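Chemist: Chain by chain, the residues:
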Amino acid sequence: MKHEITLHVNGDEYPIAVDPWRTLNEVLREDLNLTGTKFGCGSGDCGACTVLVEGRSVNSCLTLAVEMDGREITTVEGLAPSGERLHPIQEAFVERGAIQCGFCTPGMELSALHLLEKNPKPTEAEIRSAISGNLCRCTGYNKIVEAVADAAGRMKPKK
Amino acid sequence: MTLSKFDYYGPKTVAEAVGLLGEIGEGAKVMAGGTDVLVRIRHRMLKPRAVVGLKRIEGLNGISCGPKRGLSVGATALLADVAAHRGIRRLYPGIAEAALGTANVQVRNMATLAGNLCNASPAADNAPTLLALNAELTIQGPGGERKRPLEGFFKGPGVTDLAPEEVVTAIFVPPPAERSGTAYLHLSARGKHDCTAVGVGVMLAMAGRKCRDARIFISACGPTPLRAPQAEQMLIGQVPTDKRMAEAGVRASGEALPICDIRASADYRCRVLGVLTRRALQAARDRAAKKG
Numbered sequence: 001m002k003h004e005i006t007l008h009v010n011g012d013e014y015p016i017a018v019d020p021w022r023t024l025n026e027v028l029r030e031d032l033n034l035t036g037t038k039f040g041c042g043s044g045d046c047g048a049c050t051v052l053v054e055g056r057s058v059n060s061c062l063t064l065a066v067e068m069d070g071r072e073i074t075t076v077e078g079l080a081p082s083g084e085r086l087h088p089i090q091e092a093f094v095e096r097g098a099i100q101c102g103f104c105t106p107g108m109e110l111s112a113l114h115l116l117e118k119n120p121k122p123t124e125a126e127i128r129s130a131i132s133g134n135l136c137r138c139t140g141y142n143k144i145v146e147a148v149a150d151a152a153g154r155m156k157p158k159k
Numbered sequence: 001m002t003l004s005k006f007d008y009y010g011p012k013t014v015a016e017a018v019g020l021l022g023e024i025g026e027g028a029k030v031m032a033g034g035t036d037v038l039v040r041i042r043h044r045m046l047k048p049r050a051v052v053g054l055k056r057i058e059g060l061n062g063i064s065c066g067p068k069r070g071l072s073v074g075a076t077a078l079l080a081d082v083a084a085h086r087g088i089r090r091l092y093p094g095i096a097e098a099a100l101g102t103a104n105v106q107v108r109n110m111a112t113l114a115g116n117l118c119n120a121s122p123a124a125d126n127a128p129t130l131l132a133l134n135a136e137l138t139i140q141g142p143g144g145e146r147k148r149p150l151e152g153f154f155k156g157p158g159v160t161d162l163a164p165e166e167v168v169t170a171i172f173v174p175p176p177a178e179r180s181g182t183a184y185l186h187l188s189a190r191g192k193h194d195c196t197a198v199g200v201g202v203m204l205a206m207a208g209r210k211c212r213d214a215r216i217f218i219s220a221c222g223p224t225p226l227r228a229p230q231a232e233q234m235l236i237g238q239v240p241t242d243k244r245m246a247e248a249g250v251r252a253s254g255e256a257l258p259i260c261d262i263r264a265s266a267d268y269r270c271r272v273l274g275v276l277t278r279r280a281l282q283a284a285r286d287r288a289a290k291k292g
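Read top to bottom, the protein sequences are chains A and B. Numbering-wise, the first sequence is residues 1 to 159 according to this note's numbering. Numbering-wise, the second sequence is residues 1 to 292 according to this note's numbering.
Among the hints, a few may not be true.
Simulated pairs of lysine-lysine, DSS-like, Cα-Cα distance not exceeding 25 Å [stated by the list, open to error]:
id : chain 1 : residue 1 : chain 2 : residue 2
1  : B       : Lys68     : B       : Lys55
2  : B       : Lys147    : A       : Lys2
3  : B       : Lys68     : A       : Lys2
4  : B       : Lys290    : A       : Lys2
5  : B       : Lys29     : A       : Lys2
6  : A       : Lys143    : A       : Lys156
7  : A       : Lys156    : A       : Lys118
8  : B       : Lys47     : A       : Lys2
9  : B       : Lys290    : B       : Lys68
10 : B       : Lys12     : B       : Lys68
Everything labelled a hint here was simulated from the structure, so no lab data went into it. Nothing here was measured: the structure is a model prediction, and the numbers come from that model.
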């Protein structure tokens, strides 16, 4: 039996009927065409599917869409909603050369956002810990860590 | 690989969840955070007819912690919230360490303490410290509520004492004993993020310069988390010097039943367990001393 739910993704509402066994990752990519969120390992190890739910980073591949009814979801598409100006985290990733093949990038950026929203001035150790659930198989970790530190300086403090 | 097909139920009360489990019967699977259940479904190790999710049950994610009332963690409280909880970090640092040491950021934002126990992995990071602290489970079933010690709950890899229609609703930890300390240490193949290859959780209570009580539990070195009673006896009534703790560590590794698998060899596990046990005991002793 399909379940009628409403997903709130990047500020938009999507009333949708979903099969109970479908993951948030599948619904984002296949039904909503938000393919910025990737599918990697399917088991919570690689972090390519990371999205924020109510501001917290989760693996969308291990989240049932049916359990996301009414929850606020942020995907990489929500980082630069205007489509004109990149988010400071994205700017830092581009300028610091933190992107190689790009497959891990959306997840990395959302993990960075999850960190910086809570901790605007993280240490290097805190950054490395924050992205420990995101694997980069190009192994470009140093540039990514530098980019997150750089982004911390670019983001306006929330008050 | 997509998930196999199942029905989903999101009960709003524990009683409703227990009722559903009875109605659905065989093939019903209780799910809290889903980080184990959904992986097992994806890998075709589990093919439930129906998933009964607990997340919509109001109040089940509560954490209550105090020096007199002890610690109570609801079944859907997240590992991230357990790890970050100030009261837990102050009164039960070993529990916070174990929660923080489980998997990675995203998984801790979804997974629960109760789920980690009910999944009954021999490598469950949160089991040893809770066992060392005499944790108790609150379980709801068709006949009402029962409580049982966590010790003895694990029957084998993936197998617990829980009946099919029962749901663990909370984990209770008694108030910390006077002048006691806890610690959890673990190792895995890659940093601390991979599945634990060797883990040890300890509780040490002091009286004067001597050790009054000791509880040592090992993970990932047997079919369930294991107790090391001989190592405990080497400490109780003794002055816990570094040397004695090293000896207790060696004894604990003799009490383990490790296998060789993809994460480590049995020999490696035994050697490392001795060292980890010594270090965990030292950390617990130092914490007990700080409490005066």
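Chemist: Does each hint hold? Answer for all of them.
Modeler: Status of the hints after comparison with the structure:
no.: 1; hint: Lys68(B) <-> Lys55(B); verdict: violated, 29 Å
no.: 2; hint: Lys147(B) <-> Lys2(A); verdict: violated, 37 Å
no.: 3; hint: Lys68(B) <-> Lys2(A); verdict: violated, 48 Å
no.: 4; hint: Lys290(B) <-> Lys2(A); verdict: violated, 57 Å
no.: 5; hint: Lys29(B) <-> Lys2(A); verdict: holds, 19 Å
no.: 6; hint: Lys143(A) <-> Lys156(A); verdict: holds, 22 Å
no.: 7; hint: Lys156(A) <-> Lys118(A); verdict: holds, 13 Å
no.: 8; hint: Lys47(B) <-> Lys2(A); verdict: holds, 19 Å
no.: 9; hint: Lys290(B) <-> Lys68(B); verdict: holds, 19 Å
no.: 10; hint: Lys12(B) <-> Lys68(B); verdict: violated, 31 Å
Checked against the numbered hints above, the structure breaks hints 1, 2, 3, 4 and 10 and satisfies the rest.
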